[in-house]
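Given the coordinates of chain X, work out where chains A and S should sit on it, guided by the hints.
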Amino acid sequence: MDQVEKSLDEKKAVKSEPKSCNVTEFVGTGIGDAIGLVIANVDPQLHDQMKIDKKYRSIGILGARTGAGPEIMAIDEAVKATNTEVLSVELARDTKGGAGHGSLIIVGSEDVSDARRAIEVALENLNQTNGDVYSNEAGHLEFQYTARASYAIEKAFGAPVGKSFGMVCAGPAAIAVVLADTAIKAANVDVVSYASPGNGGTAHSNEVILTITGDSGAVRQSVIAARELGIKLLGTLGSKPVSTTKPYI
Amino acid sequence: MDQVEKSLDEKKAVKSEPKSCNVTEFVGTGIGDAIGLVIANVDPQLHDQMKIDKKYRSIGILGARTGAGPEIMAIDEAVKATNTEVLSVELARDTKGGAGHGSLIIVGSEDVSDARRAIEVALENLNQTNGDVYSNEAGHLEFQYTARASYAIEKAFGAPVGKSFGMVCAGPAAIAVVLADTAIKAANVDVVSYASPGNGGTAHSNEVILTITGDSGAVRQSVIAARELGIKLLGTLGSKPVSTTKPYI
Amino acid sequence: MDQVEKSLDEKKAVKSEPKSCNVTEFVGTGIGDAIGLVIANVDPQLHDQMKIDKKYRSIGILGARTGAGPEIMAIDEAVKATNTEVLSVELARDTKGGAGHGSLIIVGSEDVSDARRAIEVALENLNQTNGDVYSNEAGHLEFQYTARASYAIEKAFGAPVGKSFGMVCAGPAAIAVVLADTAIKAANVDVVSYASPGNGGTAHSNEVILTITGDSGAVRQSVIAARELGIKLLGTLGSKPVSTTKPYI
Chain X
69 MDQVEKSLDE KKAVKSEPKS CNVTEFVGTG IGDAIGLVIA NVDPQLHDQM
119 KIDKKYRSIG ILGARTGAGP EIMAIDEAVK ATNTEVLSVE LARDTKGGAG
169 HGSLIIVGSE DVSDARRAIE VALENLNQTN GDVYSNEAGH LEFQYTARAS
219 YAIEKAFGAP VGKSFGMVCA GPAAIAVVLA DTAIKAANVD VVSYASPGNG
269 GTAHSNEVIL TITGDSGAVR QSVIAARELG IKLLGTLGSK PVSTTKPYI
Chain A
69 MDQVEKSLDE KKAVKSEPKS CNVTEFVGTG IGDAIGLVIA NVDPQLHDQM
119 KIDKKYRSIG ILGARTGAGP EIMAIDEAVK ATNTEVLSVE LARDTKGGAG
169 HGSLIIVGSE DVSDARRAIE VALENLNQTN GDVYSNEAGH LEFQYTARAS
219 YAIEKAFGAP VGKSFGMVCA GPAAIAVVLA DTAIKAANVD VVSYASPGNG
269 GTAHSNEVIL TITGDSGAVR QSVIAARELG IKLLGTLGSK PVSTTKPYI
Chain S
69 MDQVEKSLDE KKAVKSEPKS CNVTEFVGTG IGDAIGLVIA NVDPQLHDQM
119 KIDKKYRSIG ILGARTGAGP EIMAIDEAVK ATNTEVLSVE LARDTKGGAG
169 HGSLIIVGSE DVSDARRAIE VALENLNQTN GDVYSNEAGH LEFQYTARAS
219 YAIEKAFGAP VGKSFGMVCA GPAAIAVVLA DTAIKAANVD VVSYASPGNG
269 GTAHSNEVIL TITGDSGAVR QSVIAARELG IKLLGTLGSK PVSTTKPYI
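Chain order of the listed sequences is X, A and S. Its first residue numbered 69, the first sequence is counted upward by one per residue in the working numbering. Its first residue numbered 69, the second sequence is counted upward by one per residue in the working numbering. Its first residue numbered 69, the third sequence is counted upward by one per residue in the working numbering.
Chain X on its own, in the form it takes in the complex (with noise of 0.2 angstroms):
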């Protein structure tokens, strides 16, 4: 009974309104222990040191110890939904110990409300955009996929905005290779990037990751098919993957 009241609390806890803070610069936190930023007024020394064009006086931060994907998912439909550009996008080596990255992702407005907005956005997009990342003790699978990408995804992975657009990635590495080509011949797409461990694209994470883009229906069907049959192949290795939070493609 404790048990269960427990595991509802903990439930709670990822959906309730993140743990407030008396700071201007704090717009607030989700899953992944991402964290969400503002400041109203770059310093001109942090200006040229971040290499940001000055006529963005106002910058927009989201981080993340565990997770790329999933913010860069969340920030792409942010931009679309307020008067921002994305100005970086940084993959970290992280995930706590994981096979995958962190993030530090940079957008720029002229004015802070506009930063702040996006910001907000991103965070309250986190859970569907983690709905797609699954997971055991051994690594584990992301997928993701939009009808329509925008700058976000054109920043991190060079893909054609306006466009559909698909990710698959899973650590350890050898998951994703299979997966890349599973996906790559499950429907007529066109790949965009395929980034690994040693040759670029990611920061030494133990993870391959494929971006495609194409027909809408064909993006999503390749991805559903990686998705299958890299819950059963990550699966040897432990116990059944799990979800995030809830799958949304």
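Think of the hints as simulated: they come from the structure by calculation, not from any bench. Any given hint could be a false lead.
[Stated by the list, open to error] Lysine to aspartate or glutamate pairs mimicking DMTMM-like chemistry, simulated, CA-CA at most 20 angstroms apart:
| # | chain 1 | residue 1 | chain 2 | residue 2 |
| --- | --- | --- | --- | --- |
| 1 | A | K87 | X | E296 |
| 2 | X | K87 | S | E296 |
| 3 | S | K122 | A | D258 |
| 4 | S | K164 | A | D258 |
| 5 | A | K253 | A | E296 |
[Said to hold, decoys possible] Computed footprint of chain A on chain X, listed as stretches where at least three residues anywhere in the stretch have a Cβ under 8 angstroms from a Cβ of chain A:
| # | segment |
| --- | --- |
| 6 | 115-122 |
| 7 | 236-245 |
| 8 | 250-260 |
| 9 | 273-282 |
Bear in mind that the values here come from a model prediction, so they are computed numbers and not experimental data. Positions of the beta carbon are idealized from the N, C-alpha and C atoms, including for glycine.
Leaving out everything else, chains A and S in the frame of chain X:
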């Protein structure tokens, strides 16, 4: 009594057949969250992305969360025994929170049965090649030796094919600097490569990796001298380091 | 009661003499799985591999699984006090699953007693230089300050020797972007370097690291302002961050 049975069960678990999986591409699993896979007909788009010559219609894939040296040595034996070629060796910064690497190794063949056989042989070899990997709560030591290096060792370290080869590695890296000096002084050997966290050869792991060549007796003597010292030095940071399986050198 | 004694024992363990080891090269151990070592006469082959001038017959080695800033600061004091030179400072992506770095630092001397003394001094300094490293379950904060930087700080960050130096760092990196802005605005200081996960200066850690110079009062004021804010922001992701030892700034 229960404890003893549990231990035996765990040992059996390691030695038992890998968890099976109803997927054509699956070959098996091994120590360190290793997984072996094959693709019979690599999609041409994936060939391009992986920069693999299209004459290798089939590829074998060996990857692990924990371990790169053991996988390289295991594939080295596998390519001696099969009609395959080592196409790439990539290091990931991994070991699930440990100081070292995970790995992604690709072998190519014209016929899928060759690639599959290579991965089977490699998975069988992992028990031996993990034998001189020692660890405690503070880090790990790794030693490898072969009387005759083949193409995986050449690809990974630039060592001469057909000659004796030794590897000395430890994390934290500081310990391995002393082990490297000890190995070089212990016998008449030539250094092949020296990798460190910030100056190349590692994926920013907390390791120094020395590889040596020379007369087989000398190489073996060097590796053994370093191993003896390494167990003492890593032991100052925690409990006595223990072998992952059973020492073979 | 047992609990209390255990806690005291653990505290004593940290402050007690390092576990001894019957090896000439061993100097001692410290916080963060730090280990200090010396080599009296570096083998010429190792000199070449490490790209060290052969006039440094002896080297001192300080490495850690958890921590780079504390080790750099500790060596900085050590080279002020001894006849040694800082030959290299390398960052590893480590901290045993945390967001930051491990380290490998080499000092050189003509006489082994100098190298040994430098490493002894550095190990003694680690308790202090870990004082403004704060952590909780979600990440860490690190602050450093000295009124007079020496050669380790110059080597690691390019900071001017003989001048006041401050460092502001946090993981997840998002928090540190705001801390950097706060530090720069808090007093009249000049930025020396800004490192981030994907744009250089880190080993893909999930950190932003800002270093500053200027009037010593101003630098100290900047660091303290960032520290106050950092404790609040990291606290939104978990419990209140606590110092590893005892704050010194």
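For the segment 115-122 of chain X, count the residues whose Cβ lies under 8 angstroms from any Cβ of chain A; is that count three or more?
violated (count 0)
Holds or violated: K253 (chain A) with E296 (chain A), Cα cutoff 20 angstroms?
Holds. K253 (chain A) to E296 (chain A) sits at ~14 angstroms (cutoff 20 angstroms).
Within the segment 250-260 of chain X, is the number of residues with a Cβ closer than 8 angstroms to a Cβ of chain A three or more?
holds (count 4)
Take a quick look at whether K87 (chain A) and E296 (chain X) sit within 20 angstroms of each other, Cα to Cα.
Given pair K87 (chain A), E296 (chain X) holds - Cα atoms ~18 angstroms apart, limit 20 angstroms.
Sort out whether D258 (chain A) lies within 20 angstroms of K164 (chain S), counting only the CA atoms.
violated (33 angstroms)
Given the hinted pair K87 (chain X) and E296 (chain S), is their Cα-Cα distance within 20 angstroms?
holds (18 angstroms)
Can you tell me if the segment 273-282 of chain X counts as covered by chain A, using C-beta to C-beta distances under 8 angstroms and a minimum of three residues?
holds (count 5)
K122 (chain S) and D258 (chain A) were given as a pair; does the straight-line alpha-carbon distance stay at or below 20 angstroms?
holds (18 angstroms)
Taking beta carbons only, do three or more residues of the segment 236-245 of chain X come closer than 8 angstroms to chain A?
holds (count 6)
The earlier numbered hints that this structure contradicts are 4, 6.
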